[in-house]
Each structure stands twice: as structure tokens, then as C-alpha cells.
Amino acid sequence: MAYLLLGVCFGFVLTQTEVLSWFRIQEMFRFQSFRMYLIIASAIFVAAVSLALIRRLGMRTLGGESIVVPPKALGSGVRYVVGGTLFGLGWALAGACPGPLFALVGNGVSVMVVAILSAMAGTWVYGFLEPRLPH
Amino acid sequence: MSGFFSAPWPWYVAGPVIGLFVPALLLVGNRTFGVSSNLRHMCAALAPRRIEHFRYDWKGVGLWNLLFVLGIGLGGFLAAEWGGTHSIAISEQTRIALQRLGIHDFSGLAPMEVFSWSALLTIRGFVCVVGGGFLVGFGTSYAGGCTSGHAISGLADLQVPSLVAVCGFFAGGLIGTFVVLPLIF
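If you're matching them up, the sequences are chains A and B in order.
Heads up: the first sequence is residues 454 to 588, going by my numbering.
Heads up: the second sequence is residues 17 to 201, going by my numbering.
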């Protein structure tokens, strides 16, 4: 239930900050406004400071577990370069990354249901090809 | 409260509030903020077939995240109900550039000339919605994360793979904006 509630907050935030808007994404990729860059940079800054505090203070979860952020393996890096570029291309076209896709449907841009189904298809095709792709 | 509900929030409120979801999810239950894994969980739940990538305990690993994403939809709905619809006040330069591409409707969150059921079967509607969606799914799965997982969670944790992925995001975004969009509009 806590996650559902946090999700509601996040969907609300994505809308009120306008980061879910295709227009804002265009503004960003055309370097015609600093707004998106400042939002992303300050989000990273706050998250980084929070992580440092959590570690420094040895904070635990509400359930008492110690907090772990799993590291990502670099490998050859191909997956990050190629996958990242393909996602960026999709981000510019659809004007939305995964979170905003769901928030847009909530906002009444119902055609984004098709984009979500298509994203699931893309994920499925990746799963199918995974053993044959360089990572 | 009207100030709180009136969009858009200034960047120095917007960014920090988004960033706080990283510690919030960790403190609630040791969960790493990242939305794109849900696409994998949905495939694993609906059509795993015999694909290794989808054969895992999606309920155990991902139920919390599926609830989170359901919440995102509800949150968007509530924001629209309370805040009403509004147009996005983009910069004049962007407006001019988009008008040159042939976009004239600046009234919604996304241009209705591209993102509506009636535009879905036009070339630009199909490429942006179906093509863009597909690439978002394929790309995030291959890269192992999206804006939330790599750009925010990953960079905040100073992870090198995330930095590489984010450079890719921007390379792809620039190709999409300056090469593909002019071709399909």
C-alpha cells in the first residue's frame, strides 16, 4: 500500500512539474530551456546527498533491514551505449520515458496506452533476443 | 493550496521533490527507484513463454513496483482532476521550431496532432507512439534502466554504467529530435 501511495505522489509530481510533457522534452533536446536540466540535476543532487546521509548514519528501512543499493556491472558497456541510445531515440519520439507514459494515460492522453503496449512489445523482443545480443 | 496545485512547480522545487523518491523507496522497503523494470514484470506476468529473461518470481521481485506504477497513473489522473488542463508554456524558440515542423496545437501536455487516436495511423503518429514506445521498451531493457533508474538513481550513486547509459540517452534524443522528427513531419 505504501508503494501505491508513493506512486500516486510520483504521478502527481510528474504532472505538476510538467516533465511528462512532449513539449518540455523537445525544449530540452533542442537546448532551448535549462528547466529540464536543472530539474534532473537537482533531483540527482538531492538523491545523492540522501544516499550519502543514509550510509553515513547507517540508516535502516522501516522494517529494520540494512539499506543496500545494488551496483550495476559495466561489462563491455555495449548494452549501455546501444540500449541507452535506442531508449533516447524513443524518449524523443514518444516524448516520455516509462514513468510519464503511465502518468499521461492518467492525465487522459489515452492513446499512450498504445505506447505502453508497444513498450511491452519492445521489452518482450529484447527478452527474446537477449541471448544473442552483446552485453 | 492553490499555489501547490498550480503547475508548473519551479525547477528548484520540482527536482528536489523528484530526487526524494530515491531515499523514500529505500527507507520504506529497500527498493531502488526505477520505473522501466515494470515493463519486464508485465511481460513476465503475461507472456513469459520460455524466455529466460522473463522466468523469475515477478510477484516477489516486482509487485511493489507494479503498485508504484499503478499509483503513477492514478496520480496523473488526480493531478488532472484537481489542477485542470493547462497548456505548457514552452520557450518561444521551441514553439517556432515546432511550428516549422507543422505543429500548431499547443494546448495539451502533448500535441494532439500526433498523440491522439485519430492521428495514430498517420506516419508521425505511428512513428512517435508505436515506434517511440517500442524503442522505449527495447532500449530500457537493453540498457537496464531509464531516466529514473539510470539518470537519477544510478548517477546519484555515482555508477559508471549509468553515466554511459545517460550519454546514450542524450545521443539518441538528439538523433530523434534533429534527424527523425524532421523526416516524419
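In case anyone wonders, no lab produced these hints; they're calculated from the structure.
Just so you know, not all the hints are guaranteed correct.
Examples of chain B residues lying across from chain A (beta carbon under 10 Å, computed) [claimed, not checked]:
id, residue
1, V33
2, L43
3, L90
4, W98
5, H120
6, F131
7, G147
8, Q175
9, F185
10, V196
In silico SDA-like cross-links for lysine to any residue, where the CA-CA straight-line distance does not exceed 25 Å [what the hints assert, rightly or not]:
id, chain 1, residue 1, chain 2, residue 2
11, B, K75, A, S529
12, B, K75, B, Q109
13, B, K75, A, L506
Where chain A lies over chain B, by a calculated footprint (3+ residues, C-beta under 8 Å) [to be verified]:
id, region
14, 62 to 69
15, 78 to 85
16, 102 to 114
17, 162 to 168
C-beta: ideal position from N, C-alpha, C; glycine also.
Results of checking the hints against the structure:
no. : hint           : in the structure
1   : V33            : holds (6 Å)
2   : L43            : holds (6 Å)
3   : L90            : holds (5 Å)
4   : W98            : holds (9 Å)
5   : H120           : violated (13 Å)
6   : F131           : holds (6 Å)
7   : G147           : holds (6 Å)
8   : Q175           : holds (5 Å)
9   : F185           : holds (4 Å)
10  : V196           : holds (6 Å)
11  : B:K75 - A:S529 : violated (31 Å)
12  : B:K75 - B:Q109 : violated (47 Å)
13  : B:K75 - A:L506 : violated (31 Å)
14  : 62 to 69       : holds (count 5)
15  : 78 to 85       : holds (count 5)
16  : 102 to 114     : holds (count 7)
17  : 162 to 168     : holds (count 6)
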